Amino acid sequence: MPIEPFKVAVAEQVLSDLKTRIRNTRWPDSAPGAPWSQGTDLEWLRNLLDYWAEEFDWRAQEQRLGELAQFRIEIDGVRIHYVHARARGGRGIPLILTHGWPSAFVEYLPLVPLLTDPARHGIDGHAFDLVIPSLPGYGFSERPRRAGVNYRYVSALWHRLMTELGYERYGSGGGDFGAGVATLMALDRPDSIIGIHLTNLELAPYIGPGSRALSPAEKAYIGTSDLWWQSEGGYKAIQSTRPQTLGYSLNDSPAGLAAWIAEKWRSWSDCHGDLEARIPRDFFLTLITLYWVTGTITSSMRDYFDNRWHGITLGPEDFVRSPTAIANFTSQYAFEGDPPREWAERLYNIQRWTPMERGGHFAPTEEPVALARDIAAFFASLI
Amino acid sequence: MTVQRFDVPYSEAAVDDLRQRLVRTRWPDQIPGSRWDYGVSLDYMKEICQYWKDKFDWKRQIEKMSAFHHYRYTSRDVGIHFIHERGKGPAPIPLILTHGWPGSFLEMLKVVPMLADPASFGANSADAFDVIVPSLPGYGFSDRPTESGVNTFRIADMWMELMKELGYERLAAQGGDWGADVTALLGLRHPKRVIGIHLNSIPPHQPYLEAGTVLSEVEQAFLNEASRWYEKSGAYDHIQKTTPQTLAYGLTDSPAGLAAWVLEKFRDWGDCDGNIERRFTKDELLSNITLYWMTQTIHSSCRLYYEDNRAPFHFQKGDYVTVPCGIARFPKREGPSSPKRWVERGFNIQHWTEMPRGGHFPALEEPELLVEDIRLFFRALRS
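So the sequences go chain by chain: A and B. For what it's worth, numbering that gives the first Met the number 0 labels the leading residue of the first sequence as 0, then goes sequentially. For what it's worth, numbering that gives the first Met the number 0 labels the leading residue of the second sequence as 0, then goes sequentially.
Fair warning: there could be bad hints in the mix.
[What the hints assert, rightly or not] With a straight-line cut-off of 27 Å between C-alpha atoms, the simulated BS3-like cross-links for lysine-lysine are:
1. B:Lys54 <-> B:Lys339
2. A:Lys235 <-> A:Lys263
3. B:Lys191 <-> A:Lys235
4. B:Lys52 <-> A:Lys18
5. B:Lys331 <-> B:Lys264
6. B:Lys191 <-> B:Lys264
7. B:Lys109 <-> B:Lys191
8. B:Lys52 <-> B:Lys87
9. B:Lys58 <-> B:Lys45
10. A:Lys218 <-> A:Lys18
11. A:Lys263 <-> B:Lys231
12. A:Lys235 <-> B:Lys231
13. B:Lys339 <-> B:Lys58
14. B:Lys191 <-> B:Lys87
15. A:Lys218 <-> B:Lys231
16. B:Lys191 <-> B:Lys231
17. B:Lys231 <-> B:Lys63
18. B:Lys231 <-> B:Lys163
19. A:Lys18 <-> B:Lys87
20. B:Lys281 <-> B:Lys339
21. B:Lys87 <-> A:Lys263
Hint data in this document are derived by calculation from the structure and do not stem from the laboratory. Bear in mind the structure is a predicted one, so any value in this text is a computation, not a measurement.
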């Protein structure tokens with residue numbers, strides 16, 4: 000499993016082509032009714048794309064990313080990209096942090112200074128050795144050219160990566176797909192896992208025959224989730240059934256790509272409908288540019304397909320015995336429900352449960368300090 | 000409110016721009032050998048887009064369209080495009096044919112002359128119709144609605160207005176997909192003016208069910224099958240009825256993206272056993288797609304799903320379509336088809352034909368079968 004240093008360096012021609020495409024965008028008309036009521040607002044997006052083409056400085060972002068130690072490891076013929084940020088002043092607690100969709104490793108970078116040198120930031124607890132990979136098929140990680148790249152598959156890859164880096168026991172954390180991967184790491188290799196820390200619940204527990212009856216809070220949560228699915232779930236329906244069909248437009252149109260991803264960041268972050276009040280424009284465009292220059296929106300969407308049709312089914316015997324912390328960031332603009340602790344306890348050995356007052360789906364970028372404190376406190380209690 | 004002659008527009012500059020965009024298409028990757036598993040196959044997309052770029056002749060298609068008489072009618076604020084061909088026979092009756100999504104008036108071009116001038120096709124001139132083929136609002140050369148509320152109910156009322164303007168007090172109506180909904184609503188809302196309705200797909204209507212109604216086994220099986228179908232194949236509907244604007248950016252900016260989104264439905268819903276060109280020529284497929292492209296109407300066409308979701312076609316207590324209804328059921332459909340019993344709860348079924356072959360686009364796929372069935376059904380209703 001060869002490991003090579005990696006530096007983000009996008010060819011000039013790719014960037015100039017991107018600018019040309021943005022300037023040549025063929026815009027649709029605006030939907031009638033309130034802005035954003037039928038999806039990403041036209042005026043908002045035009046504004047964003049104008050900035051993307053004329054003012055956004057990718058090279059400056061590249062330079063900032065270049066300050067982090069990055070590598071690519073080849074596992075089974077597939078190169079996986081990761082950031083490796085070691086604890087300041089010696090050995091830290093090894094912790095692998097995994098992003099989800101539509102996101103990237105950059106979502107987790109605000110945690111790097113806080114967790115590699117917590118004392119300096121007034122955070123109690125040990126320092127960490129952080130490993131922040133890009134999921135297969137996202138950014139600079141390749142995706143195996145086959146079906147079935149699901150949470151379990153990725154969790155096995157991550158274990159091999161951590162072992163290769165010399166970490167025998169380690170923590171795992173994440174949100175969205177990353178929470179699913181962390182869960183499978185603990186289910187399949189409990190001996191290697193110190194504990195897992197999740198910022199949202201990706202996997203629903205088994206609630207079939209033989210399980211405890213649903214509590215009123217659980218019923219309310221499921222009801223809210225169902226309503227959310229009806230109004231917000233179209234992206235998931237299409238990505239889990241026809242990702243390739245959608246991919247043609249999103250990979251060919253910067254406007255299409257930006258609109259698709261912006262809608263989700265706006266709905267899922269704690270932004271009260273004003274994305275840029277929560278998520279800096281340059282950060283958001285760094286994320287979109289990553290998807291664009293690597294041409295990975297289609298491969299990223301395959302996660303939905305593979306986890307649905309080639310996925311895993313949790314049964315009554317599945318229980319995560321490793322200590323688990325949930326930092327419950329539920330302040331999404333499009334409220335998805337507030338999972339009660341007993342819901343999570345069906346699947347996890349919950350040792351720490353922190354309701355968060357602010358912050359939505361993208362906690363590491365939205366509320367890095369609150370999240371870092373929670374992670375540090377959780378792992379301090381385990382060692 | 001006026002009816003004016005309309006010449007189908009052609010723009011060389013627009014054709015050049017389309018070619019340029021096709022040349023620059025940035026293709027996504029595909030899992031080798033996955034064919035159509037994840038959506039439209041990359042190999043087929045490359046093949047048809049190359050044909051589109053190098054061989055497809057839009058000007059020639061426009062010339063073919065221009066052999067028909069085109070008009071525009073302004074109904075309140077929405078301009079409606081339609082073809083109007085007078086029947087050749089002793090007593091033609093007016094017949095309005097309504098297309099659906101992702102089709103257009105172009106679907107009907109084979110059947111218009113057969114219906115208007117049966118004698119020229121070896122049939123009886125007594126079966127002649129005055130044929131009117133409108134483009135739905137937001138489709139083709141009809142205006143894009145700029146206000147909310149242009150749903151199937153409004154469209155049915157517009158059709159009546161248009162027919163009155165053309166001097167037709169009473170009329171026959173035919174349609175499939177959205178056209179079936181509109182046609183059914185013509186029958187429901189304007190029974191005195193409608194001679195009969197002929198549907199080649201059964202509207203996904205919800206009949207009014209008294210509390211405690213016991214469904215037959217067949218009906219229950221249909222509902223179960225419909226919900227399974229929706230899970231696997233209904234994502235386009237889910238996204239188009241909730242956030243069509245988000246989807247529209249990529250489809251308006253990328254010809255390949257638009258082609259994939261539309262083609263998929265012709266392959267899935269046509270009676271083609273997975274081989275799309277067994278049923279549709281590249282020219283037929285690309286004429287329809289180019290119409291969407293040139294008129295920039297993919298967004299407004301998808302908005303009909305959004306509008307329908309806000310005002311769905313559900314029968315209320317006492318709703319029943321009393322005018323005679325004929326059904327031509329083609330074996331290949333977009334989803335499971337309602338059993339006769341279910342349809343009879345809402346419609347006065349006088350005629351029911353199980354077709355030997357053909358799918359969701361019968362006017363293109365099986366024009367002779369469709370035309371013969373339309374003639375047969377209305378023959379009994381001519382007085």
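Hints, one by one, checked against the model:
Proposed proximity of Lys54 of chain B and Lys339 of chain B is contradicted: the alpha carbons are some 45 Å apart, above 27 Å. Taking the CA atoms of Lys235 of chain A and Lys263 of chain A, the gap is near 11 Å; set against the 27 Å cutoff, the hint holds. About 45 Å separates the Cα atoms of Lys191 of chain B and Lys235 of chain A, which puts this hinted pair outside 27 Å; it is violated. Among the hinted pairs, Lys52 of chain B with Lys18 of chain A is consistent with the structure: their alpha-carbon atoms are about 24 Å apart, no more than 27 Å.
Restraint check for Lys331 of chain B and Lys264 of chain B: satisfied, since their Cα atoms lie roughly 12 Å apart, inside the 27 Å limit. Between Lys191 of chain B and Lys264 of chain B the alpha-carbon distance is near 36 Å, which puts this suggested pair outside the 27 Å criterion. This hinted pair does not check out: Lys109 of chain B and Lys191 of chain B have alpha carbons roughly 30 Å apart, beyond 27 Å. Among the hinted pairs, Lys52 of chain B with Lys87 of chain B is inconsistent with the structure: their alpha-carbon atoms are about 40 Å apart, more than 27 Å.
Between Lys58 of chain B and Lys45 of chain B, the direct Cα distance comes to roughly 22 Å. Compliance with the 27 Å bound is thereby established for this hinted pair. Distance restraint check for Lys218 of chain A and Lys18 of chain A: the Cα-Cα separation of roughly 49 Å exceeds the 27 Å cut-off, and the hinted pair is therefore not satisfied. Taken as a hint, the Lys263 of chain A and Lys231 of chain B pair is honoured in the structure, with Cα atoms around 22 Å apart against an allowance of 27 Å. Under the criterion of a C-alpha separation no larger than 27 Å, the hint pairing Lys235 of chain A with Lys231 of chain B is consistent with the structure, at around 12 Å.
Restraint check for Lys339 of chain B and Lys58 of chain B: the C-alpha separation of about 44 Å exceeds 27 Å, so the hint is violated. Taken as a hint, the Lys191 of chain B and Lys87 of chain B pair is honoured in the structure, with Cα atoms around 26 Å apart against an allowance of 27 Å. The straight-line distance between the Cα atoms of Lys218 of chain A and Lys231 of chain B is roughly 26 Å, inside the 27 Å bound, and the hint therefore holds. Distance hint between Lys191 of chain B and Lys231 of chain B is unfulfilled; the C-alpha atoms sit about 41 Å from each other, more than 27 Å.
Between Lys231 of chain B and Lys63 of chain B, the direct Cα distance comes to roughly 38 Å. Violation of the 27 Å bound is thereby established for this hinted pair. The straight-line distance between the Cα atoms of Lys231 of chain B and Lys163 of chain B is roughly 43 Å, outside the 27 Å bound, and the hint therefore fails. Taking the CA atoms of Lys18 of chain A and Lys87 of chain B, the gap is near 57 Å; set against the 27 Å cutoff, the hint is violated. Under the criterion of a C-alpha separation no larger than 27 Å, the hint pairing Lys281 of chain B with Lys339 of chain B is inconsistent with the structure, at around 35 Å.
Between Lys87 of chain B and Lys263 of chain A the CA atoms are separated by roughly 56 Å; this puts the pair beyond 27 Å, and the hint is violated.
Of the numbered hints stated above, those contradicted by the structure are hints 1, 3, 6, 7, 8, 10, 13, 16, 17, 18, 19, 20, 21, listed in ascending order.
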